[in-house]
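Single-letter residue listing:
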Amino acid sequence: MQKILNELEHIETISGAMKLGFRAGLSGPAPVLFAGMTGFGAMSHQAGLSIIQTTAISIFMYALPGQIVFIEMMSLGISSSAIAIAVAFTSSRFLTMVLTLFPQIPKAPKEPLRLLTVHLVAMSTWTFCMRDFPKMKTEVRYGYFLGLGLTCWLVSMPGTMFGFMIARFVPIWISLPLLFINPLFFLLSFLDVRIPLYRSAIVVGCIAGAVFYQIDPGHALLISGLGFGTLVYGLDLILRKWRLKNESI
Amino acid sequence: MNLSDGLINTMGWWGMFIGVVLATYFWRGLGVLLAGHISQKSEIFRWLSCVTYAMVGALTVKLILFPTGLLMQVPISFRVSVCIGCVALSLFLRMSLMQSLLFGSSLMAGFGLYLQYQHFFSI
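Protein sequences, first through last, are from chains R and Z. In this text, residue positions in the first sequence follow my numbering: the first is 1, and each later residue adds one. In this text, residue positions in the second sequence follow my numbering: the first is 1, and each later residue adds one.
Chain R extracted, bound-state conformation (with noise of 0.2 Å):
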């Protein structure tokens, strides 16, 4: 990882660029997403799904809290409009993080098309290229995203069939750090973050969520991110206003 770190930088073509994020995909996040739909193909299985319908979620959703939603609540029997609800609102993050990512890459005049590309926009792939791209040149970082995201996209889905068909031969054992290696994978992700600012919207996130899940979970989501996210940047917001004040004194 360290190596691929230090060749960020150096990185002229775009095509070079999506060689380096196919081996920063295969490096951790992909292997971790393996993983992590290996679990949930397995969790599938339990619930009665077939090896289409569960491969189908993982290719065209591709979101795995929001995967895991749609299974418990089908399971639970809950009306078809609820779960498109409820899923609706666990990817609303999606909003947010193309809109931090995207004004990232220029547009190019011939690239690939942005509205089929953002389908690769997922908590690995964005937590890496909000990371990484700082250090790259702004013309190839397109080619890091789409290496990056291509990577983690097409391991899912033999991810998701290799669980499902193995769901019934796991011992507890397994599955359980299976399921368990996603957000922790997460967390250790956001130790790498280094903007001040940034870091404590992780964490001031982390103890609302804490919090809000236990009191509201349907909006718990949209109320640590848009309520104490807007709030850490508004005192940031006065905290600079205030510096740049005393600094005209």
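Source of the hints: derived by calculation from the structure; they are not laboratory data. Yeah, the Cβ is synthetic: ideal placement off N, Cα and C, and Gly gets one too.
Just some of the chain R residues that point at chain Z, by a computed CB distance under 8 Å:
id : residue
1  : Leu95
2  : Asn182
3  : Leu188
4  : Phe190
To list a few chain R residues with every Cβ distance to chain Z over 12 Å, as calculated:
id : residue
5  : Asn6
6  : Glu7
7  : Glu9
8  : His10
9  : Ser15
10 : Lys19
11 : Lys137
12 : Leu150
13 : Leu154
14 : Val155
15 : Phe162
16 : Ile166
17 : Arg168
18 : Asn246
19 : Glu247
20 : Ser248
Position chain Z relative to chain R; hints supplied.
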């Protein structure tokens, strides 16, 4: 039952599937359409980043503290201890992400083994 439920029932499971796929893609697609209007040096970008980092933080905490399914069999104190242990290894022993992850996964596997062979431990 409202109209959309009736519509989905006639299409069966795949109708429901299309519903959740669209519900997920909606935000991604909307993001692309709006992203062109945002500069990464703007205040809006800073604000949105704060919102997103807070959101992913909250979601991660949710998956760890309030999981569903099999993970509920692991006591919350154990789940949290594993997380603290892994973070500590990364921060203080400078372990790489993958090494800490491997460590955490082994602890979880160990707990699974304990659950599976619990009857050997009970007196």
